[in-house]
Amino acid sequence: MTADEDDRHQATAPLEYRLAVAEETVRALLAGSVDAIVMNVERGEQRVYTLETEDRPYRRLVERMSEGAALVDANGLIVYANERLASLLGVPLERLLGGPFSDWLDEPERAPFIAQLAAGTSEHAEHTARRLNGTGVPVLVGLNTTEGSSGSLRCLTVTDLSQQKAQQQQVRRLNAKLTEQVTELHRINSDLEDAERLLTYRTLHDPLTGLPNRALFVNRLEQSLAAAARTGHPVAVAFIDLDDFKRVNDTLGHAAGDLLLQEVAGRLSAVVRPNDTVARSAGDEFLVLTVGTPGGLPVALADRLLGALHDPPLRVGAWTVTASMGLAVSYEGVAPEQLLREADAAMYQAKRAGRARWELFGSRLRNELRYRRTAEQRLRKALAGDGVRVLYQPVVDLVDGQPVGAEALVRLRQSHGGLLVPATFMATAEECGLVLPLGQRVLELACEQPLRWEHKSGHPWYVSVNVSPRQLAEADLVAEVTAALAAAALPGDQLRLEITESALLDVDPRVMNILDQMRAMGIRIGVDNFGTGYASMAYVRRLPLDFIKIDQSFVSGMHDDVHDLAMVEATLALSHRLGLESVAEGIETEAQWHLLRDLGCDAGQGFLFAKPTTSGLVCAGQPALGDQRP
Amino acid sequence: MTHEVAPDRLRLMLFISGASPASTRAVRRLRDLCDRNCPDGYDLEIVDVYQQPALVVSRGVVAVPTLIKDLPPPVRVLAGDFADESAVLTALGLSGRTAD
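Protein chains in written order, with the numbering used here: chain A, 1 to 630; chain B, 1001 to 1100.
Here chain A stands alone, though its shape is the one from the complex (with noise of 0.2 Å):
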């Protein structure tokens, strides 16, 4: 070409080369493969509009994404692809372009991907794509036809699931572990379940025996009382007692003793119907609870329950043991407490009857309970006031009257100002365990006085306290004994303890080492009321004795009778012969005083002496001869 055709060229280009260019620029954009346009804008200015321009906003979107994206053409192969995708997969970018979108998932899922590929179909669908690397990568790959400017192109998404797996697997992990801790707790509430059951049956069961405790029999008394009002027929209890129980125990163990209840459990829970309740009260206490006819009294169960305990009869090795047992039947409004406590009595009454019987409560024993309960109470208040009272009786010196100690005697002073005597109150003492708590009392202000008369008399003066079997058998007596001489700060010496004869004492070593051991302190012991009672002569044979008191009874009899004459002077032989001081109690006549004295006792007390007094008036002056009268 010329350089004038070059001018002419570049100045305007022909008509039909325009025409040329029109026609490839048109069919070069329908077929999407251009890649921008160059337009004339005003006053020859040129633009060039690249196809990246346009649709910039929407490719930083893609590409930002985060989720991988691309474009694929009918063949599958990837046209485009954004950053995310390429990292996904673990491959370079450039990679990825021009090659098969099937070849970057799991082999066995490359046939069917170019299938669904093919159908042209919109869907969403779970595979496993391969990274370059070769490892797995759960995802989820959603396919889109898309109306690209090639129209054939389809629009994939690629997610990654692996977290997503990785969550639900351990949703699912966790949901296994609370399954089993559920099943855990299940097992922990029934395991707390099945305890509290054992619980409650442990608080409301004797141990030993497996019957029902006092608790649950009183529970069941309340509700059968309760039915009792309705239905009209009668409750009855049983209160049943072993005869000398603590005997066996004592001398066999308590492994003899826990055989033995449980063989009592036995035999009564055998003969009883199936709607009774035996119980195990306490030690060796059992209740029977029973519903009776109207009208009718327990007679043919009172005979069962006994008969079931004596024949055959109960025996521990060489012993055979025998029951007590109190009945009482409910009577309209009578409280559950009440009904036991009237069987209790009734069950006394059998053992004071002589044992190894039932007694039935009646109105005579009802009287009696309301009196004993009376006298309890009465007992109680003195003892937690005010209301001992000490006494002493002077003991004189036969020879020339002169007193050489005085005897202490309790009291109970009653609200009105009268004072009650022992036998009026003792049995109550002993039958409620109260005879402990006075003895203590009495000892301690006894000690007290021996100290005071000496001050005022000017010679020494002995106190003597009466002591029980009981209070030998059951109290820490050498205890109490010590700390009350040591709070008097009197002299072991002028302390004497009279054993009485109300009950039977178990002359047992415990016994011996206890009265020993007062010995020891310089305490003299003697035997009161001799000849009464069927075992002064065991106690003369066998505890350690340093005085005998002749029983008044011997001596206001002495000179009629020939008897009594004849007691006096065998105690009086006995204890010469042992030697043993000798005491007489309840002079009241010359004559008396005289012959005593004659026949060789030391000394003697007596209202010919004096009366017992208050500590006050002991020595308040010597008491003359003859000159008080009772």
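If you're looking for bench data, these hints aren't it; they were derived computationally from the structure. Cβ coordinates follow ideal geometry from the N, Cα and C atoms, glycine included. Heads up, some of the hints might be wrong.
Residues on chain A that point at chain B, a partial pick, calculated with CB under 10 Å [stated by the list, open to error]:
#	residue
1	Tyr17
2	Arg18
3	Ala20
4	Val21
5	Glu24
6	Thr25
7	Ala28
8	Leu29
9	Gly32
10	Asp35
11	Ala36
12	Arg172
A few chain A positions that, by computed beta-carbon distances, are all more than 10 Å from chain B [stated by the list, open to error]:
#	residue
13	Ile37
14	Phe113
15	Ala125
16	Thr203
17	Val404
18	Asp508
19	Met512
20	Glu569
21	Glu581
With chain A fixed as given, assemble chain B onto it according to the hints.
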């Protein structure tokens, strides 16, 4: 530029838009194609539409990339991505070297 060239030596002018991937691809493909099909060599001038707007106007180029064969005549215009090799060869008159 000398006018004294072999009458059927290919003379091409390729209009591209900067260094975009499509443009670089177009360049590569074209070069590749010509290397294989023009044993006697060819002249390829690459024009950046951003750099030589006047030339764009004078040659009437609208779409990018556009290839213009000036020699041997007739002048041929081809736009697009030159992916279809046979179409390119035909446009350039190289398929079988038959006269147009």
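Okay, the hints, checked on the actual structure:
This hint holds: Tyr17(A) has a C-beta 6 Å from the nearest C-beta of chain B, less than the 10 Å allowed. Using the Cβ-Cβ criterion of 10 Å, the hint placing Arg18(A) at the interface with chain B is satisfied: the shortest such distance is roughly 5 Å. Interface hint at Ala20(A): satisfied, since its Cβ lies 5 Å from the closest Cβ of chain B, which is below the 10 Å cut-off. For Val21(A), the suggested interface contact is upheld, since its CB lies about 5 Å from the closest CB of chain B, less than 10 Å.
About 5 Å separates the beta-carbon of Glu24(A) from the nearest beta-carbon of chain B, less than 10 Å, and the hint is met. Because the beta carbon of Thr25(A) sits about 4 Å from the nearest beta carbon in chain B, less than 10 Å, this interface hint is met. The restraint placing Ala28(A) at the interface with chain B holds, with a minimum CB-CB distance near 4 Å, inside the 10 Å limit. Taking 10 Å as the C-beta cut-off, the interface hint given for Leu29(A) holds, the closest approach to chain B being about 6 Å.
For the restraint placing Gly32(A) at the interface with chain B, the shortest Cβ-Cβ distance is roughly 9 Å, inside the 10 Å limit, so the hint holds. Proximity of Asp35(A) to chain B holds as hinted, the smallest CB-CB distance being about 4 Å (cut-off 10 Å). Checking Ala36(A) against chain B by beta carbon gives a least distance of about 4 Å; that is within 10 Å, so the hint holds. At its closest, the beta carbon of Arg172(A) sits 46 Å from a beta carbon of chain B; the interface hint therefore is violated under the 10 Å criterion.
Its closest Cβ contact with chain B, about 6 Å, brings Ile37(A) to no more than 10 Å, contrary to its assignment away from the interface. With a least beta-carbon separation of about 25 Å from chain B, Phe113(A) lies farther than 10 Å from that chain, consistent with its non-interface assignment. No Cβ of chain B approaches the Cβ of Ala125(A) within 10 Å, the least distance being about 31 Å, so the stated non-interface status holds. Non-interface call for Thr203(A) relative to chain B: holds, since the shortest CB-CB distance, roughly 90 Å, exceeds 10 Å.
Consistency note on Val404(A): stated as away from chain B, and its beta-carbon is indeed over 10 Å from all of that chain's, at 141 Å minimum. For Asp508(A), the shortest C-beta to C-beta distance to chain B comes to about 120 Å, beyond the 10 Å cut-off, and the non-interface label holds. Every CB of chain B is more than 10 Å from the CB of Met512(A) (nearest about 124 Å), matching its label as outside the interface. Look at Glu569(A): its CB is around 151 Å from the nearest CB on chain B, clear of 10 Å, so calling it non-interface holds up.
With a least beta-carbon separation of about 140 Å from chain B, Glu581(A) lies farther than 10 Å from that chain, consistent with its non-interface assignment.
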